[in-house]
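**Student:** Listed below, chain by chain, are the residues.
Number of protein chains: 2
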Amino acid sequence: MEHLSVTNALKCVLESVKKLDAETVRLEQSLNRVLAEGVRANRDQPPYDVSAMDGYALRSADLATVPATLAVIEDIKAGDMPCKTIQAGQCARIMTGAPVPAGADAVIRVEDTRAAGAGHVQIDHAVRAGNDIRCLGENMRNGEIVLTAGTEITPGVIGILATVKRAHLQVTRRPRVAILSTGNELEDMNEPVDPNKIPNSNSYALMAQVQALGIEPSLLGIARDDPAELAEYLQRGLHFDVLLVSGGSSVGVHDYVRPTIESLGVKMLFWRVSMKPGHPLAFGTTSQTAVFGLPGNPVSSMVCFEEFVAPALRHMMGHTRLYRRTVNARLAHAVKVRPGRTEFIRVTLSRDDAGYIATSTGTQSSGVSLSMARADGLLVVSAASSGLAAGETVTVQLLDGTVFQNDAGFEE
Amino acid sequence: MEHLSVTNALKCVLESVKKLDAETVRLEQSLNRVLAEGVRANRDQPPYDVSAMDGYALRSADLATVPATLAVIEDIKAGDMPCKTIQAGQCARIMTGAPVPAGADAVIRVEDTRAAGAGHVQIDHAVRAGNDIRCLGENMRNGEIVLTAGTEITPGVIGILATVKRAHLQVTRRPRVAILSTGNELEDMNEPVDPNKIPNSNSYALMAQVQALGIEPSLLGIARDDPAELAEYLQRGLHFDVLLVSGGSSVGVHDYVRPTIESLGVKMLFWRVSMKPGHPLAFGTTSQTAVFGLPGNPVSSMVCFEEFVAPALRHMMGHTRLYRRTVNARLAHAVKVRPGRTEFIRVTLSRDDAGYIATSTGTQSSGVSLSMARADGLLVVSAASSGLAAGETVTVQLLDGTVFQNDAGFEE
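Line by line, the protein sequences give chains A and B.
Each residue of the first sequence is one higher than the one before, counting from 1 in this note's numbering.
Each residue of the second sequence is one higher than the one before, counting from 1001 in this note's numbering.
It is possible that some hints are incorrect.
[Unchecked claim] Rough simulated footprint, nothing fancy, chain B against chain A, three-plus residues with beta-carbon under 8 Å:
#1 33 to 47
#2 179 to 185
#3 194 to 203
#4 259 to 269
#5 332 to 341
[Unchecked claim] Under the rule of at most 25 Å between Cα atoms (straight-line distance), these lysine to aspartate or glutamate pairs were calculated in the DMTMM-like manner:
#6 B/Lys1077 with A/Glu232
#7 B/Lys1019 with B/Glu1152
#8 B/Lys1165 with A/Asp400
#9 A/Lys19 with B/Asp1400
#10 B/Lys1077 with B/Asp1044
[Claimed, not checked] Not the full set, but computed from the structure, chain B residues with beta-carbon under 10 Å of chain A:
#11 Val1025
#12 Asn1184
#13 Lys1197
#14 Met1207
#15 Val1210
#16 Asn1328
#17 Ala1332
#18 Tyr1356
#19 Ile1357
Because the hints were derived from the structure by calculation, they are not lab data.
Glycine included, every Cβ here is placed at the ideal spot set by N, Cα and C.
All chains, full assembly: derive it from the sequences and hints.
**Tutor:** As C-alpha cells, this is what we get:
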C-alpha cells in the first residue's frame, strides 16, 4: 500500500468511525460532553422587562429638562412584583433584575442620581426610552430551541441548561478505549529497573492524552513479542470501541502485531502515513472496534495520537470541532526539512505585539520525549516544503489542553 | 473606595492568595496538576546507543563507494543485546530501539536497502557516522533533574514521569471551593417553574467553570435576602479555601451580602472594578478563605470568574500560567465602547490565511447568557479606547478550555 498523506489518512479514519449512541447524564457531570438532543426554553427569560442596573425606573419623557426631581413612590427588589404605576414626575427605586413597573420606560443607574430630600431623587441627565431595561424574553423565549443537538457543553452552555432547569441530559456517550503496549524490551511501572530495558512510558502518555479528552481508558498492559500472547491481549482489546496498540506496527520482521491483528479479523485500512514523526502508523477496523497501531517511539506515538486518534475520539463523542486549535506564528529561526513528508515540529510559543513567535524545543529526534513535555505546540510543515526561513509565518497547533499563558496578554 | 483597574484588582487578588501545600497523588490521577517536587532521572535513557529506525547497523566508512554489498551477521531486536562486533564489510539487521552493536557507527533504514542474495544486503547511498542512532542518555542522564517543581503535568510530562517510573507524585493540592447564590428572586433546579422568578443558573455555570480547572466545587445552595440566613450560609462557606458568592454585592440597599460578610470577619479589599461587564465585583479574605463577591448577572459572573477567580485558583494550585491564552484577531466590524472601563466583548472566532477574525456574538447585554454560551473568546478593549474600527487588530482571550477547532488549519 502506498503511503497516505496526513489529510487522506485522517479522512480514512474519520470515515471509519461513527458518532456513538446517546446516554443520560446529570448536569453536574456534563461538562465537555456533546448534547444528543435539542433543548428548548421552558419560560420567557427574563419573564418580564427587568432592570439591568440598581437605580430608578422612570418615564424618559420626565427628563426632557434636566436636572429633574422625581418622587420615589415604590421600592422594587429583585423577586418582588411592583404594586404601583409610575405617573409623570414619579419614579421607583429598582434593583438589578427586578421588574420594571408599569408606566416606566427607562432605568437610570443609582450612580447617576442624587438624593433630593425625603422621598425624592434628583437626576442630572436624560436617558432614552429603553435605557438599562432588559426586555421580556431577551435571553430566551418559552418553547424556542436554545441549544441544538451537537452543542458542546461548555460552562456557558451549563448556565443555559440550568436556566431551563435540565437536571439530566441526553449526551453522546464516550468511547471505551483500551491501551496496549507491545515489545520484549519494555519494562513496566511495577518492575525493577533493568538498565537494558526501556520503560513503558507510552501506555501512560497515551492514557493522559485520552484523559485530556475526558475519557478514562483501560490499560491492558504489555504484550511480549509472542504471537499467542499478543493474540490474547489483542482479543481483549477488541471488546472496546477503540484499541490503541503502541509499538510493533513497523516493517520489522519481528513485528507480529500487524499479521496477528489481521488474523483476528481486523481489516487494515492503512499502515503508512507520509509524516514525521509517526511514519509507521497503522489503522484498521472491525465491526465494533477502531484499531490504531501507533509507533513505539514515545514522541511519534504522541504526535500520531494528536493528529489521528484525538479527532477520531472527538468525532465519536459527537464533537464537530475535531482539530487542535491553530495559531499563526513567526518562526524564530530557519528550519530544515526534507520534502515529501508532512513534518510536525515541537515548538514553544512566546508573544510580542505582532503575535506569536515559534521556537523549536531543540533536537527533533523522536527519541527525545522531554521535548514533547516542553512543547506548547506542533509546527506543521507542509510535505512540499524544503525548508522554512527565520521570520516566516507558520501554523502551530496548540498542544496545551488547558490553554493558559503566563501573562495577561492585553493592555488596559 | 475608588474603582480599581482590572490589572490592579487582579494584582490584589494574586497577592492575597497563596500556593497551597503539597499532597501525594497516583500518576493516573495527576493530569493537569502541578509538580511540588523536582523529579530526577533514575537511569540513562536510552541506556545505550540505539537505532532510531528499522534497518541495518553498519560502518559508515564501508559506504565510501556505493552501491555496497554487506554481509548481515546478526539480527538485533529491541530488547536483545548484540553478540557480535561489526567488522569491515559487515552489518547487522536492527530494529527501532535495539542496541547498536560494537563496530557500527550508523544505521540505514530498511527502505533504503535491498536484499542481495542469502545473508547480504545492498545499500545504494552513503550515510554519515551517527545516522539514525539515538545516543546513550540523549533523552535523559541518570540523576539529572528532568522535571522541576512547578511543572504542569501535561500528557508529555506524564510520559516522562512513567519513564522514570514515578507511580506516586507530590503535587500542589487543589483548593476547596464553595459556591453560594443569594437572592429572593432565585428559583433552584429542584423547585417548580415560577414565571416570576429567575432560575439559579449562576451556581451551575460557576460550578462548570471551576470543574474546567480540574476542581470539584461544593454547591451551598441559595441564601435568601435575610441577614441571619445569609450569615449562616456564609459561615459554612468560610470553611473552604475559596468562597464564591453570586449576587448581592452591588450598591443596592437590599444587599446584605457585603455588611454580612464583613461582620463575619472578612476583610474586604475591593468591591468595584472598572470593567464591563462585571463592575460590582468584590473581593476579601480571612486568614484561610478568599471570598469573591461576583455579580448576580450571569454573564458578568462568568466574565469575573475568568478574569479573577480562574487566575487565583490556578495560582493556588501552583500554576505559573494563570491567564487565558490570547490570540490576535482582526475585528470583523466596528465596536462602540465608552472609555473609562476595560470591556470584555463576547466574540466568535473564524480564520483565514492571515489569522483570526473576531465577530461579536451580537447583543452585549449582560442579560443575554446565550451569547456567553456561543462565545469562543473575550475581546479585551482597553479602558482608554473610545471605539474600535473594522479591520483593527485586537486581543482575544480564548474561552474554549478544550481548544479544538473545526478544520485542520494547515495545508500539507
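**Student:** Each hint should be assessed against the structure and marked as holding or not.
**Tutor:** Tested hints:
{"no.": "1", "hint": "33 to 47", "in the structure": "holds (count 6)"}
{"no.": "2", "hint": "179 to 185", "in the structure": "holds (count 3)"}
{"no.": "3", "hint": "194 to 203", "in the structure": "holds (count 9)"}
{"no.": "4", "hint": "259 to 269", "in the structure": "violated (count 0)"}
{"no.": "5", "hint": "332 to 341", "in the structure": "violated (count 0)"}
{"no.": "6", "hint": "B/Lys1077 with A/Glu232", "in the structure": "holds (22 Å)"}
{"no.": "7", "hint": "B/Lys1019 with B/Glu1152", "in the structure": "holds (14 Å)"}
{"no.": "8", "hint": "B/Lys1165 with A/Asp400", "in the structure": "holds (23 Å)"}
{"no.": "9", "hint": "A/Lys19 with B/Asp1400", "in the structure": "holds (22 Å)"}
{"no.": "10", "hint": "B/Lys1077 with B/Asp1044", "in the structure": "holds (20 Å)"}
{"no.": "11", "hint": "Val1025", "in the structure": "violated (13 Å)"}
{"no.": "12", "hint": "Asn1184", "in the structure": "holds (4 Å)"}
{"no.": "13", "hint": "Lys1197", "in the structure": "holds (7 Å)"}
{"no.": "14", "hint": "Met1207", "in the structure": "holds (7 Å)"}
{"no.": "15", "hint": "Val1210", "in the structure": "holds (9 Å)"}
{"no.": "16", "hint": "Asn1328", "in the structure": "holds (5 Å)"}
{"no.": "17", "hint": "Ala1332", "in the structure": "violated (17 Å)"}
{"no.": "18", "hint": "Tyr1356", "in the structure": "holds (8 Å)"}
{"no.": "19", "hint": "Ile1357", "in the structure": "violated (12 Å)"}
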